[in-house]
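Enquirer: Chains as they are written, first to last, in my numbering: chain A, 2 to 378; chain B, 2 to 378.
Hints are supplied without guarantee of correctness; some may be wrong.
Said to hold, decoys possible - Cross-link-like lysine to aspartate or glutamate pairs, in silico, EDC-like; alpha carbons within 20 Å at most:
| hint | chain 1 | residue 1 | chain 2 | residue 2 |
| --- | --- | --- | --- | --- |
| 1 | A | K158 | A | E108 |
| 2 | B | K244 | B | E53 |
| 3 | B | K158 | B | D198 |
| 4 | A | K183 | A | D198 |
| 5 | A | K295 | B | D84 |
| 6 | B | K292 | A | D117 |
| 7 | A | K201 | A | E224 |
| 8 | B | K183 | B | E107 |
| 9 | B | K244 | B | E224 |
| 10 | A | K158 | A | E111 |
| 11 | A | K292 | B | D117 |
| 12 | B | K295 | A | D172 |
| 13 | A | K295 | B | D299 |
| 14 | B | K295 | A | E224 |
| 15 | B | K244 | B | E255 |
| 16 | B | K158 | B | D84 |
| 17 | B | K181 | B | D299 |
Claimed, not checked - Which residues of chain A face chain B? A few of them, derived with a C-beta cut under 8 Å, are:
| hint | residue |
| --- | --- |
| 18 | L36 |
| 19 | H78 |
| 20 | F80 |
| 21 | M81 |
| 22 | V178 |
| 23 | H322 |
| 24 | N326 |
| 25 | E328 |
| 26 | L367 |
| 27 | S368 |
Claimed, not checked - Computed footprint of chain B on chain A, listed as stretches where at least three residues anywhere in the stretch have a Cβ under 8 Å from a Cβ of chain B:
| hint | segment |
| --- | --- |
| 28 | 198-211 |
| 29 | 294-300 |
Keep in mind the hints are simulated off the structure, nothing from the lab.
Note that beta-carbon positions come from the ideal geometry of N, C-alpha and C, so glycine has one too.
Protein chains: 2
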Amino acid sequence: MKFAVLARDGAARRGELTTAHGTIQTPVFMPVGTLASVKSLTTEQLRALGPEIMLCNTYHLMLRPGVDLLEQLGGLHRFMNWDGSILTDSGGFQLFSLAAIRKIKEEGVEFRSHIDGSPFFLSPERSIEIQSRMGVDIAMAFDECPAYGIAHGEVAKSMAMTHRWAQRSLDARNAFVAEKGKGPALFGIVQGGIHLDLRKQSVEAIGAMDFDGVAIGGVSVGEPKHEMFEVVNYTAPLLPEEKPRYLMGVGTPEDLVNGVAAGIDMFDCVMPTRNARNGTLFTSFGKVSIKNAKFAADPRPLDPQCSCLTCRTVSRAYLRHLFVNGEIAASVYNTIHNVWHYLDLMRSIRQSIASKSFGSFRDSFLSRKSSGDADAG
Amino acid sequence: MKFAVLARDGAARRGELTTAHGTIQTPVFMPVGTLASVKSLTTEQLRALGPEIMLCNTYHLMLRPGVDLLEQLGGLHRFMNWDGSILTDSGGFQLFSLAAIRKIKEEGVEFRSHIDGSPFFLSPERSIEIQSRMGVDIAMAFDECPAYGIAHGEVAKSMAMTHRWAQRSLDARNAFVAEKGKGPALFGIVQGGIHLDLRKQSVEAIGAMDFDGVAIGGVSVGEPKHEMFEVVNYTAPLLPEEKPRYLMGVGTPEDLVNGVAAGIDMFDCVMPTRNARNGTLFTSFGKVSIKNAKFAADPRPLDPQCSCLTCRTVSRAYLRHLFVNGEIAASVYNTIHNVWHYLDLMRSIRQSIASKSFGSFRDSFLSRKSSGDADAG
Numbered sequence: 002m003k004f005a006v007l008a009r010d011g012a013a014r015r016g017e018l019t020t021a022h023g024t025i026q027t028p029v030f031m032p033v034g035t036l037a038s039v040k041s042l043t044t045e046q047l048r049a050l051g052p053e054i055m056l057c058n059t060y061h062l063m064l065r066p067g068v069d070l071l072e073q074l075g076g077l078h079r080f081m082n083w084d085g086s087i088l089t090d091s092g093g094f095q096l097f098s099l100a101a102i103r104k105i106k107e108e109g110v111e112f113r114s115h116i117d118g119s120p121f122f123l124s125p126e127r128s129i130e131i132q133s134r135m136g137v138d139i140a141m142a143f144d145e146c147p148a149y150g151i152a153h154g155e156v157a158k159s160m161a162m163t164h165r166w167a168q169r170s171l172d173a174r175n176a177f178v179a180e181k182g183k184g185p186a187l188f189g190i191v192q193g194g195i196h197l198d199l200r201k202q203s204v205e206a207i208g209a210m211d212f213d214g215v216a217i218g219g220v221s222v223g224e225p226k227h228e229m230f231e232v233v234n235y236t237a238p239l240l241p242e243e244k245p246r247y248l249m250g251v252g253t254p255e256d257l258v259n260g261v262a263a264g265i266d267m268f269d270c271v272m273p274t275r276n277a278r279n280g281t282l283f284t285s286f287g288k289v290s291i292k293n294a295k296f297a298a299d300p301r302p303l304d305p306q307c308s309c310l311t312c313r314t315v316s317r318a319y320l321r322h323l324f325v326n327g328e329i330a331a332s333v334y335n336t337i338h339n340v341w342h343y344l345d346l347m348r349s350i351r352q353s354i355a356s357k358s359f360g361s362f363r364d365s366f367l368s369r370k371s372s373g374d375a376d377a378g
Numbered sequence: 002m003k004f005a006v007l008a009r010d011g012a013a014r015r016g017e018l019t020t021a022h023g024t025i026q027t028p029v030f031m032p033v034g035t036l037a038s039v040k041s042l043t044t045e046q047l048r049a050l051g052p053e054i055m056l057c058n059t060y061h062l063m064l065r066p067g068v069d070l071l072e073q074l075g076g077l078h079r080f081m082n083w084d085g086s087i088l089t090d091s092g093g094f095q096l097f098s099l100a101a102i103r104k105i106k107e108e109g110v111e112f113r114s115h116i117d118g119s120p121f122f123l124s125p126e127r128s129i130e131i132q133s134r135m136g137v138d139i140a141m142a143f144d145e146c147p148a149y150g151i152a153h154g155e156v157a158k159s160m161a162m163t164h165r166w167a168q169r170s171l172d173a174r175n176a177f178v179a180e181k182g183k184g185p186a187l188f189g190i191v192q193g194g195i196h197l198d199l200r201k202q203s204v205e206a207i208g209a210m211d212f213d214g215v216a217i218g219g220v221s222v223g224e225p226k227h228e229m230f231e232v233v234n235y236t237a238p239l240l241p242e243e244k245p246r247y248l249m250g251v252g253t254p255e256d257l258v259n260g261v262a263a264g265i266d267m268f269d270c271v272m273p274t275r276n277a278r279n280g281t282l283f284t285s286f287g288k289v290s291i292k293n294a295k296f297a298a299d300p301r302p303l304d305p306q307c308s309c310l311t312c313r314t315v316s317r318a319y320l321r322h323l324f325v326n327g328e329i330a331a332s333v334y335n336t337i338h339n340v341w342h343y344l345d346l347m348r349s350i351r352q353s354i355a356s357k358s359f360g361s362f363r364d365s366f367l368s369r370k371s372s373g374d375a376d377a378g
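Just chain A, with the same shape it has in the complex (with noise of 0.2 Å):
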């Protein structure tokens, strides 16, 4: 894997990223596929969208259909025919959320299934293992992810293990390498809840390691927004300049902008197509959701600034149509939207890192947002 900034506005950063499935321009959001399945789409349909990468769970794959079978079928870019390229998470957060059904040890975390409870064990090493047999591109450490509003004693401890589980991951992807002669590249996780100090010395253990690059875990955990910026605009800056910077699990479109700002290259987030599905529309002045009656006779394109395919071909009447009657398309349809909304924006921070005027297109977005969803009608 290869990274490299091309270019910086204020601490925003504008990179290229390469692994063995092509070149990823950064800032970069990560349409979340979780059971190698970008919900709603085909992979037809995703590739139309123009994302070079996407981000599954490890956690939902090894329960189905499993790591043998996607190994034994050629991989998990194969399984799903995409041949951009695929990061997974190592399956530490999902473990994190399911509180009553796992046992932590130093070793491991012993778990249930929250399919048929049967039982299963994660590890560093089982982590690292099940990623790279699936074949991804960029794997992640295997970490613990400590719930908002512990102590700081318990979050230390907590830290203290993601950073050895970090170094056992580590161990265990190029232990693969070394059998296999490839295997994916690797980042690690700062952890370290909402106290800087632990945040700190997070960043000094996981960035003095060989990782390919590094993420800030942790956040959008529950804790209020203003103390997830607090975490991401200290951590941001201490993190290795080389690298890669991937703030996990992050987020609206404002916090994307936000997180660019502070110097961070890579995102993930279920919400734009989770939203989707639930009928609730990013747009250029802001959030809509396309249930409401004001829109049943609307003949205008969801979004008038938007050249997604939705917005070029069918109008707000008929996406409201498609959603009140519970038709499968309407999911399909304000996913495409979501997706390529995201997609865009990206795509917009990066010209305005290009062109030295981040702060300025930051500026206006922000009021943009703002100023809510007057224009809707």
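With chain A's structure known, arrange chain B on it following the hints.
Expert: Okay, now just chain B, sitting in the frame of chain A:
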């Protein structure tokens, strides 16, 4: 509307039907887009499958979003961004299936919405008005569809009313054209249940009216398959030679082949789309239930003989994975395949008629079907 028979092979006809929205090669299968959406597909995806005509349901559209709104938005074509031809049914068949909440009189049918119980009224005049105002290419006369198993005398009475309604439908269409300067082509519907003497009378009555095409209605309503084909094989040859012949609501791939053999030019059915959502897929080696565990590790395309997007890009294992995990993309991939399968069958049928080999095509098709899905492994 123009119709020309280009070639014949036995009773099978190869023709061309021209509407304001283009030329349709017949025999043709019309995918069903009940609520102005072929379920699971964007209009773009439907277009990529190549149908020249689709069917929408007047009953469903008059309830949601309603004809006033559809007219105000520029008609059904613009609403769904579909530039091919559209045929609508008259609502008669849906009212037949709502037995508990409708009252049939000579004037028309009072009924309650299956959604919220609110009262509606349909009559020949109202049905034609709605279809015409939606801007469709081919409208259907308003008919009564008698249930299977009722007595000859009752079917005869129902049929006589359908004939009076047919004339009123024709008058209503002609009045619409006289007033607006344009309007849909209009097909009459032959009824008569399973009683061949009534079918003959109905053909004589409907055939004598100035319709642009004639449909066989009241089939596939619960009667055994051999009784349905007794009706079709008896009725089709009696229909006007120069007009297109439409067998409503039929059917399986075998039914299409047998219908063409009887001289039918047009078909519609929800079978490919509904089955797709249930995971039942039509292939060159018979029907397949994609959730079957035997497909879990099967890297082959669903149907190696199929060239649809689904079969070109993903495996049986992936399709099964999507389906058993409830991914929306399962419905999308499955619908693409099933609709393509039907349209491709019609292409093969048309070619075989043009090359005077329909008889052997039919023999080979029907014997292949009966061999079941042994090849699916």
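Enquirer: Does each hint fit the structure? Answer for all of them.
Expert: Structure-based check of each hint:
no. : hint            : in the structure
1   : A:K158 x A:E108 : holds (15 Å)
2   : B:K244 x B:E53  : holds (18 Å)
3   : B:K158 x B:D198 : holds (13 Å)
4   : A:K183 x A:D198 : violated (37 Å)
5   : A:K295 x B:D84  : violated (27 Å)
6   : B:K292 x A:D117 : holds (18 Å)
7   : A:K201 x A:E224 : holds (19 Å)
8   : B:K183 x B:E107 : violated (28 Å)
9   : B:K244 x B:E224 : violated (27 Å)
10  : A:K158 x A:E111 : holds (19 Å)
11  : A:K292 x B:D117 : holds (18 Å)
12  : B:K295 x A:D172 : violated (38 Å)
13  : A:K295 x B:D299 : violated (48 Å)
14  : B:K295 x A:E224 : violated (46 Å)
15  : B:K244 x B:E255 : violated (24 Å)
16  : B:K158 x B:D84  : violated (40 Å)
17  : B:K181 x B:D299 : violated (58 Å)
18  : L36             : holds (5 Å)
19  : H78             : violated (12 Å)
20  : F80             : holds (6 Å)
21  : M81             : holds (6 Å)
22  : V178            : violated (26 Å)
23  : H322            : holds (5 Å)
24  : N326            : holds (5 Å)
25  : E328            : holds (5 Å)
26  : L367            : violated (33 Å)
27  : S368            : violated (34 Å)
28  : 198-211         : violated (count 0)
29  : 294-300         : holds (count 3)
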